[in-house]
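Visitor: Numbering (this note's numbering), first residue to last: 349 to 437.
Simulated from the structure, these hints should not be mistaken for laboratory data. One or more of the hints may lead you astray.
Stated by the list, open to error - SDA-like cross-link-like pairs, simulated, lysine to any residue; straight-line CA separation at most 20 Å: (1) Lys376 <-> Thr398; (2) Lys401 <-> Thr420; (3) Lys417 <-> Gln396; (4) Lys401 <-> Phe431; (5) Lys368 <-> Asp381; (6) Lys376 <-> Leu407; (7) Lys401 <-> Leu384; (8) Lys376 <-> Gln391; (9) Lys401 <-> Ala371; (10) Lys376 <-> Lys401; (11) Lys417 <-> Ala386; (12) Lys417 <-> Val403; (13) Lys368 <-> Phe431; (14) Lys368 <-> Pro404; (15) Lys368 <-> Thr385; (16) Lys401 <-> Leu373; (17) Lys417 <-> Pro433; (18) Lys368 <-> Leu407; (19) Lys376 <-> Ala410; (20) Lys417 <-> Gln391; (21) Lys376 <-> Asn406.
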Amino acid sequence: MLSSNFKLAETINQMSIQVKFFASLREKLGQSDMELTAATTAQDAWNQATQNKPVPDNLLVAINLDYAKLDTPLQDGDEVAFFPPVTGG
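Produce the complete structure using the sequences and hints provided.
Guide: Put into structure tokens, the structure is as follows:
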């Protein structure tokens, strides 16, 4: 019984965070999306998803389609998108 309680608590505490990479980031990292089961901030999601690669200058972050900062806290079910700055001609 005690073992099943630990498994239940572990399941309850797991999060589901969708991480997406766009444009040159997708090409550079070799992946377009992934799921994380624990991330406290957008920075934490970046670190886990990229295995602690340095954050590019002017990286843009969106959480659930709204621009955000890297220190923005995440909640279960959030979608975090990372993309390079938009430039035009």
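Visitor: With reference to the structure, classify each hint as holding or not holding.
Guide: Cross-check of the supplied hints:
no. : hint              : result
1   : Lys376 <-> Thr398 : 10 Å, holds
2   : Lys401 <-> Thr420 : 19 Å, holds
3   : Lys417 <-> Gln396 : 17 Å, holds
4   : Lys401 <-> Phe431 : 15 Å, holds
5   : Lys368 <-> Asp381 : 4 Å, holds
6   : Lys376 <-> Leu407 : 14 Å, holds
7   : Lys401 <-> Leu384 : 16 Å, holds
8   : Lys376 <-> Gln391 : 18 Å, holds
9   : Lys401 <-> Ala371 : 17 Å, holds
10  : Lys376 <-> Lys401 : 11 Å, holds
11  : Lys417 <-> Ala386 : 18 Å, holds
12  : Lys417 <-> Val403 : 12 Å, holds
13  : Lys368 <-> Phe431 : 9 Å, holds
14  : Lys368 <-> Pro404 : 15 Å, holds
15  : Lys368 <-> Thr385 : 14 Å, holds
16  : Lys401 <-> Leu373 : 12 Å, holds
17  : Lys417 <-> Pro433 : 14 Å, holds
18  : Lys368 <-> Leu407 : 13 Å, holds
19  : Lys376 <-> Ala410 : 19 Å, holds
20  : Lys417 <-> Gln391 : 8 Å, holds
21  : Lys376 <-> Asn406 : 16 Å, holds
Of the numbered hints stated above, none is contradicted by the structure.
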